[in-house]
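Trainee: Take these sequences, add in the hints, and give me the full structure.
Chains A and B supply the protein sequences, listed in that same order. Per my numbering, the first sequence starts with residue 1, numbered consecutively. Per my numbering, the second sequence starts with residue 1, numbered consecutively.
A portion of the hints provided could be inaccurate.
Said to hold, decoys possible - Listed below are the simulated DSBU-like cross-link pairs for lysine-lysine, each with C-alpha atoms no more than 35 Å apart in a straight line:
id	chain 1	residue 1	chain 2	residue 2
1	B	LYS111	B	LYS2
2	A	LYS246	A	LYS144
3	B	LYS111	B	LYS160
4	B	LYS160	B	LYS175
5	B	LYS111	B	LYS175
6	B	LYS2	A	LYS246
7	B	LYS111	A	LYS246
8	A	LYS246	B	LYS27
9	B	LYS27	B	LYS111
Note that these hints are calculated values from the structure, not bench results. Here the structure is a predicted model, which is why all the values come from computation and not from measurement.
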Amino acid sequence: MIFASQPWSKASALWGPVSLAGVGLTHLLRWVIRRHGWLSLPPFALLGRVIAATLLMATASYLLTQALSQAVYGTPIAPITTAFYHRLSSTGQLRNLFIIILFVHAAWVAIYLAFAVQRHRYQAELHQAQLGRALQTAELRLLKSQLNPHFLFNALNGLRSLIADEPARARDAVTHLARALRYSLASGDEDLVSLERELEMVDDYLALESMRLADRLRVDRDIAPETRTVRIPAMLLQTLVENAIKHGIAALRPGGTVRITAQVVEMELILRVVNPRPDDTTNKTSVGVGLRNATERLRLLFGSRASLRLDLSQAGQATAEVRLPV
Amino acid sequence: MKALVVDDEPLARRELRRMLDAFPSVKVVGEAGNVDEARLRIEELSPDVVFLDIQMPGGSGFDLLTQLDRVPRIVFTTAYDQYAVKAFDVNALDYLLKPIEPERLATTLRKIQATPSHAATDAPLEQLFIRDGPRCWFVPLREVSVFTSEGNYVRLLWGKERPLLGRSLAALEVKLDPMRFFRANRSQVVNLDFIEQVELGEGGRLHVQMRDGPEIEVSRRQARLFRARSTVG
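Mentor: The following block contains the structure:
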């Protein structure tokens, strides 16, 4: 046995402090890595720092080993080195001692680093996923359509006029307005509602717009019975109808007919809102904020399985079409 | 005071009429439901004040104003788009938010009655409504120093602003006050109040230095008129 000639007490007087120093140095490295956020560094910046740190640590251990060996054995060359490399010169033995210490440190740092990096990456991914979910929720809330203030104040203005002349119609209008408002406010709680529920709200909305636009607004519905239970984003159909009135009916002096159809074809709900529009629409290319938000909401809720298209290819007519999975 | 109510919604017109009935000094002489009707009523009735909705089918209230030669006192009525009215902040226009509050209406009417009307139809033009891109102005013409022809349009030099007016210089010139504005050359009309200095140029031309503005050359033919005028005035 190579250690047989060495008394254990002397060996432990040398290797005990060296091991303790190694533990201390490793902790120091760990502290530096955390303190300076090395794990967030780009790969090569991290590699450079780690190599430099390992060299420093190995050098410190090497010098300590030499000093302790001198104190214990009276020679800087620790006996274990002599046992392995007794044929080499003392310089060669010292060099090999350094290489051994360097390897031990490098292996140790490498294992620690691999573990730390993996843990760091895992936490970052977890954090990213949480962020993504929070962002999606916030986006959905932001995109949630609400009743247009312009519509609300116009409705109130019409109502004010009705109170004196036609109190019965004024009372009806208050009911419609209250129901539309309540629906709009509650739509913040739920992402999806049945088409049936949405249609009730659209009726209230249309009743109020009729008060304002009188006989300029006409409505034609064709709703297939099997579509009524399909769940759609709240305020989606309302947005389409509002758009049809704002850019179509209200912009035309004689007004026109808004046609709303719903059908299920091959497991897909197809909602269409068709309306006449002025021929010389100057901002043909710009899609309103309402429709853009509705498109974005559909994307967040259904991904690529849903779509919203505004077709202006026919002169004097606009068709908004939504398709979503049943 | 003659008032015209312009709004595409019958209920809104009815309500405003009713509110105006409470003011004995105001007489609603008519109403209009779109821009073309409004233009006809204004030309036919020459109201002192027009209550004007901004969003209407077939053109906005702003479109109406750009079509008018002589713009009466305007009070915008709008449900929500203050932003559209804010474009006018430079000129501090009147606007009322619908549903209109009776107190606000009373304040606005008092303000209008306190300022003199310029409704006389044969008097020279005193102000112009100009829309240039997204910006709108009521431009008091006595504050404009130079009108420069740009094709079929006219560029105004008005303080720091350079708004473009959608009509020709020839059409505008006949409506300007001849005591204040003078045709300097083929493409420019200057405001005499803004002339700082006049120098003689070659061949009977004149060089006119405008206050805070460019130097304008007065053509030979116009220079003779200019001199004749200066000696008379």
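Trainee: All hints, please: hold or fail.
Mentor: Hint check:
1. B:LYS111 x B:LYS2: Roughly 15 Å separates the two Cα atoms, so the pair holds.
2. A:LYS246 x A:LYS144: holds, 19 Å
3. B:LYS111 x B:LYS160: Given pair LYS111 of chain B, LYS160 of chain B holds - Cα atoms ~28 Å apart, limit 35 Å.
4. B:LYS160 x B:LYS175: holds, 24 Å
5. B:LYS111 x B:LYS175: Satisfied, since the Cα-Cα distance of roughly 28 Å is no more than 35 Å.
6. B:LYS2 x A:LYS246: The hint holds at about 32 Å.
7. B:LYS111 x A:LYS246: holds, 34 Å
8. A:LYS246 x B:LYS27: holds, 32 Å
9. B:LYS27 x B:LYS111: holds, 16 Å
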